[in-house]
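Chains as they are written, first to last, in this note's numbering: chain A, 1 to 173; chain B, 1001 to 1129; chain C, 2001 to 2064.
Each hint should be verified, as a subset may be incorrect.
Derived DSS-like pairs (lysine-lysine); straight-line CA-CA distance at most 27 Å [unchecked claim]:
no., chain 1, residue 1, chain 2, residue 2
1, C, K2028, A, K22
2, A, K155, B, K1024
3, C, K2028, A, K154
4, A, K154, B, K1024
It is worth saying that the hints were derived from the structure and are not from the lab. Values in this document were obtained by computation on a predicted structure and should not be read as measured data.
Each chain, letter by letter, is given below.
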Amino acid sequence: MLLKILGVSFIVSATGWMGLQKASQLSRRTRAIRQLRMDLEFLEQEISYARNPLGQALRKTARVSAQPVSALFENAGRVLQENPHSTAREAWEEGVRCLTGSDVLTQDDLAIIRLMGERMGISDVSDQVRMLRQAGAELKVQEEKSRQQEESEKKLWSYGGFLVGLMISILMI
Amino acid sequence: MEIAQIVGLGLVATVFLLIIRQEKPVLAVVLSLAFAAVIFLFVADKISTIVGVITELSHRAEVNYFFLGTVLKILGIAYLAEFGAAICRDSGEGAVAKKVEFGAKIIIAVLALPIMIAILESLMEIMPR
Amino acid sequence: MNTEIIFTIAGIGILISILGIVLKQAQKEEQAQMLTLAGVVVVLILVVQLLSQLFTVVRTVFNL
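Using the sequences provided together with the hints, build the complete structure.
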């Protein structure tokens, strides 16, 4: 009897925890995209108004940013600082690579950021600014989609995990 | 206190059925099916005992076992038909229930034919020509 | 008395209802319907054994 109760609570808490993880991932993605968008605006300000060199601008952006998005700017800035001959594109690639590790942003989001890196640092300031603004607009669309997805699916995953665990335990006991 | 068990289980099943019929009527059908099966299986032993006693009595009274056997079969068919028809009716399928009962009536009539013929023959023997 | 199966079926039925409601909230109607069908199949498999037992006993008791 005690063993049964133990087993049931095991299964239910395991599936419930998985469900809650999925739910929190949805809200984390929304927040990360918004953070990324704000950081890109900051970067744009640094480049166009303060006219800072890219390495410095990236490091300043990393400081105002938050995990996990700050990893992008931190590592990009680090590469530029350590190796003065590296191109901005390589630095950006490195930053995106470090960002791919944490599974908060989806492939679509990362594709937008990677695309930006293709043309980073090879054109003049106004072109860079236009590129940053375009990426920001695309990210805004993604943010909106993510927010809608979060709204509709968050409750599903947070309740669904526990319910599926309960069903499995009922079927097996 | 077997009656308490039966009544208790019946009330519990009714409450569950009320809840489930609102959301998923399909599962309510299956649940009432399962409950009916459980109750019958529970009392099946007692029914066997009763049938055995009646058979024994009819042996002693030297009634042809054929008649008792037929009556028993008819009882069984009636029970099964009622079982199925009630569940159909509860789910709102009155027409299906009526057809189940109709089929049972036909089968019972077929089974009862020999008895009716036997009765008619006895009557004709008794009646003066 | 085989009361466990009653509680199993009732439990599964209620849980499927709740999951169906939650899925409808998340605007995934098709998945809710598929879940209902899956639940019905599972419960039917559970009940079919019980029913075959019932019919065997009825045949025995009433000499059908």
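inquiry  = If you test the structure against every hint from before, which numbers come out violated?
reply    = none
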